[in-house]
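Given chain A, work out where chain B should sit, using these hints.
2 protein chains.
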Amino acid sequence: MFTTISGKDIETMAKLYRLNLINSITGYKSANLIGTQNKEGKTNLAVFSSVTHLGSNPPVVGMVLRPTTVPRHTFDNIMNTGFYSINHIKADFVAKAHQTSAKYGLEASEFTTCGFNTYYSDNLPVPYVRESLVKIGVQFKEKHQIKVNGTLLIVGEIIELIIPENAIAIDGFVNLAALRSVAINGLDMYGRVSPIDRLSYARVDEPVKSILKKD
Amino acid sequence: MFTTISGKDIETMAKLYRLNLINSITGYKSANLIGTQNKEGKTNLAVFSSVTHLGSNPPVVGMVLRPTTVPRHTFDNIMNTGFYSINHIKADFVAKAHQTSAKYGLEASEFTTCGFNTYYSDNLPVPYVRESLVKIGVQFKEKHQIKVNGTLLIVGEIIELIIPENAIAIDGFVNLAALRSVAINGLDMYGRVSPIDRLSYARVDEPVKSILKKD
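From first to last, the protein sequence lines stand for chains A and B.
If you count the first sequence from 1, position 100 lands on 100 in the working numbering, and the numbers rise without skipping.
If you count the second sequence from 1, position 26 lands on 26 in the working numbering, and the numbers rise without skipping.
So here's chain A without its partners, still in its complex pose:
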């Protein structure tokens, strides 16, 4: 049995119910920790489920900040230094990663309070998460304000990628399941992914076929 929910129904829902529902129904989300620091070197770490691929050449990535619900340290730091790191959340530390969403004040760094270690490369003036197997160094490029709700889309260019050598297949593909990277469902469900299939480039005149390498 299907139920039909109208825009009006959504508008009149209890706040938490609406948050859970609307955050769940658009599908799975990426699971990353965003590392930043301010001009004084104070570090910050926050879980984000909105990191999105925007383009490969140049390598561009988007991320959404909700000014009204998220503490602004991440945004302030990016505006101040111009850089941030994107660090994959592994299945092994989802609880610690989720804990970074608590409203810690400016005096505390989530690296310390949530039990992560910083890792600095020569090419990025802000910290990576040492425990993450996929570390992406990003330079801020532009921001766009979504008119309908004031949300900000932050756009950055990838300037560095630190990843296990053997994680990259011969054609450049990275199987995230092998790295134990997780996906997020809604506000608070973390899940591991098992590949169903990898499919060939789709053409009009032939059905797609599996290109999954069986180990």
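Far from chain A, by Cβ distances over 10 Å, these chain B residues were calculated: (1) L106; (2) F111; (3) Y120.
Incomplete in silico selection of chain B near chain A, CB under 8 Å: (4) L16; (5) I22; (6) L54; (7) P59; (8) V134; (9) H144; (10) I162; (11) D171; (12) N185; (13) S194; (14) I196; (15) D197; (16) V204.
Taking lysine to aspartate or glutamate and the EDC-like style, the derived pairs with C-alpha atoms no more than 16 Å apart in a straight line are: (17) K209(A) <-> D92(B); (18) K213(A) <-> D171(A); (19) K15(A) <-> D171(B).
No lab work stands behind these hints, which were simulated from the structure alone.
Cβ atoms here follow ideal geometry from the backbone N, Cα and C, with glycine treated the same way.
This is chain B only, laid out in the frame that chain A set:
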């Protein structure tokens, strides 16, 4: 052993290698079919991995279009009618869904060529995918052009949601694993997700704990 890849390295990669690598490393993506039609009622269906939650009140969703690589039928139809549908891809039909990315001409509808059925509700002037368990009706609101690569962010408001009645938990959460919705890794890997944990709202003074309901 970790490898460090610089922005310069990425710039000089072979195109397909770079596409696979950069599309993979930002994390898991949502897996949806976008349903549209033109003013003459000709339907179109296309797989998208860039649908992203932008806000719950009002319920707002984003989607990225790459003008240079994606046939523009979806974009043209949204601009013409002002509406589109977002339909979850189920594990059962990933190959058919992937096939919609072939470059079919305007004369063919991917609903027909790829084996999907339309479903029309009274509240949306464009088709849903009958086979999808989660159907989201969206009204176009605004678009933003990413300067660095010309990509478009399409922003829409959810005006209807059609979903199995028993899929919504008492707090509004929808467990996508129970609906067999899939996640996308890179350009062409489809995966099923199994929940690791659902975690409580994070607070400064207490560690997060599991709120996963065991069946």
